[in-house]
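From first to last, the protein sequence lines are chains A and B. Counting along the first sequence from 1, when you hit position 257 you're at 257 in my numbering, and nothing is skipped either side. So the number in my numbering is just where the residue sits in the second sequence, counting from 1, plus 279.
No lab work stands behind these hints, which were simulated from the structure alone. Note that the structure is predicted; figures quoted are calculated from it, not measured. Even for Gly, the Cβ is constructed at its ideal location relative to N, Cα and C. Warning: the hint list may mix true and false statements.
[Claimed, not checked] Coverage of chain A stretches by chain B, computed from C-beta distances (three or more under 8 Å per stretch; other residues unrestricted):
hint	stretch
1	4 to 11
2	34 to 48
3	88 to 100
4	230 to 241
5	259 to 265
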Amino acid sequence: MIEQLRQRARELLGEGTVALVIGYGRGNSPQATFPVFIKKADEVDRLVFNPFCRNNLAVYLTRKDIMPKGAVGLVARPEEVRSVAVLVQEQQFDPDKVVLIGVACAEPGKEGAACEMLKGRTLKELEAEVAERLKGRDPAQEVAAKVQELEAMTPEQRLAFWEKEFSRCIRCYACRQACPMCYCERCIVEKNQPQWIPSSPRPLGNYFWNVIRAFHLAGRCIGCGACARACPMGIPLDLLNAKVAREVKESFAYEAGFDHEVPPPMASFRTDDEQEFIK
Amino acid sequence: MAMLLAKKNLRALLRGAMDRKYRVVGPVREHGIVLFAEMSDPGALCLDELNTQNSIKEFFFPKTEKLFTYSLGKNDAAVADDFAPPRTVLIGGRACDARSLVALDRLFGWDYKDKFYFARREATCVITLACDRFDEACFCTSLGFGPRAAEGSDILLVPVEGDEYAVEAVTDKGRALIAEVKDVFTEGTPGAEKVAYPEKKFDLAAVKPWLERNFEHPIWKEEFLSCLGCGTCTYQCPMCHCFDIVDEGDIHGGARCKNWDSCQFALFTLHTSGHNPRPAQAARWRQRLRHKFVYYADKFGTEACVGCGRCIRNCPVCLSILDKLVLIGREAAAAPAQPAGAQP
Chain A
1 MIEQLRQRAR ELLGEGTVAL VIGYGRGNSP QATFPVFIKK ADEVDRLVFN
51 PFCRNNLAVY LTRKDIMPKG AVGLVARPEE VRSVAVLVQE QQFDPDKVVL
101 IGVACAEPGK EGAACEMLKG RTLKELEAEV AERLKGRDPA QEVAAKVQEL
151 EAMTPEQRLA FWEKEFSRCI RCYACRQACP MCYCERCIVE KNQPQWIPSS
201 PRPLGNYFWN VIRAFHLAGR CIGCGACARA CPMGIPLDLL NAKVAREVKE
251 SFAYEAGFDH EVPPPMASFR TDDEQEFIK
Chain B
280 MAMLLAKKNL RALLRGAMDR KYRVVGPVRE HGIVLFAEMS DPGALCLDEL
330 NTQNSIKEFF FPKTEKLFTY SLGKNDAAVA DDFAPPRTVL IGGRACDARS
380 LVALDRLFGW DYKDKFYFAR REATCVITLA CDRFDEACFC TSLGFGPRAA
430 EGSDILLVPV EGDEYAVEAV TDKGRALIAE VKDVFTEGTP GAEKVAYPEK
480 KFDLAAVKPW LERNFEHPIW KEEFLSCLGC GTCTYQCPMC HCFDIVDEGD
530 IHGGARCKNW DSCQFALFTL HTSGHNPRPA QAARWRQRLR HKFVYYADKF
580 GTEACVGCGR CIRNCPVCLS ILDKLVLIGR EAAAAPAQPA GAQP
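Put together the whole structure using the sequences plus the hints.
So, in structure tokens, the structure goes:
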């Protein structure tokens, strides 16, 4: 499988179709993989793919300081495919400038789990293929049980749970920086005229920050879990996002990242909408 | 004869300190991570992990601190800035953590003596555990000290054969605490030390001259592309000390707060005009390395890095300062500086 991946990257770079391939490279141990940026066809052997490739590489597609003038090749797991679908929906880059190299692992995070190339080449084909692979799965399946536990709590218990979790927040913004959907040039937490969100890492500001970020991801988060994995203080941010994703699914029958051609529910309107929710 | 502490008496030592009204801070496990936190029960002490998630700096230079509070009445205003930190025993740090305090003392005591920092330093007795293991992110020995260095500690506990620690009382503060809880210690001949030294990984002497010569170098553009620009490395670092000062409150009252800030944020150097002298993540990484190994060393005579490895273990994209220092060491060896007076 890895040879197919490298061959595809070699072709793309060799033909000049792309100026850069973003993929995974090996760290100091097999479990440690990290993003690598390949510019020459003879460097593609640095690419690896295994169940421990967990960073969401789509985060780099909106980074102006590293994107080349030409097209970019992206090693794309289902998480990247879905992220790219959302970013294209939100018109963050020219879709013709991103060439996806589809890959997937049967059980991410599990040693020895099977990995394979995806067949689709275009975003549309890959979206369909990913949707097929994930069929019948709650988008937040892995965290669904924990979300249910939280839903079973009283509001007071839930508040206490999140207050305790957020008390550890150091406001390093690793959650935001690891998230492909957090591409704002100036995040609301950095705006200080007025200061919408207190910047001190205290309960009030921490609550504001983490909850507002979850709201901003409504209908956009694809549940890759990059935020929770990036958090150095172990705050289960994926639970918040999973809960919001479920609300969106129940209200609008919509899941983010499966079709870049449909309008996103939080950024569209219908003139025949009854608007009963606005009082 | 030397002073010994049986490992099983470690918690009795903490109990003794608590009984004498010390606040006790040590590593505890919370939601799957081990971090320094205030303890109410000595049984919560968790020494499973080599290093905690957060560093001990939080207990001297907290992530947020109220410098003063104010309140406005109808015809009057009041400002309050009383500050009295609790007497504290901080246990479970490593030699790298303790060394960071010595280096931070120089910074916070340089032109202005930071009263908050030094009040906490004076109120805190630091009990350090020498390391009996290390991992691939540890590099204290590459920085010219080691896992049983006593510098910065008030008491150093060195693991020895026989499930005991050899107790080194380093300062008067340490000796005073030992006198207060002396029942938990015994006298005896310590067994052989069980201290694990990580291998030396790079030549520290070559790093600073290389950084000084190579403000512009392909490394800066090539090696740091994956950096996401979060503040994890700087906030988990025991040495990073940049802060921001903000006023929080309203017409009735509020506080002036001193909060951690990070050179890895784009906003850190953004000018009001919109110009940013460090426009890309590569420039911010260069600053991080140069601050730690050039500017700080020039000003304070020591590096602003203690080799604890927290930035490496916690980086969301596995960017390792150690790998980069090793790379710089190799570059320096391949292209040594021209001797003074030599023709270029």
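_Taking the earlier hints as the rules, which of them does this structure contradict?_
1, 3, 5
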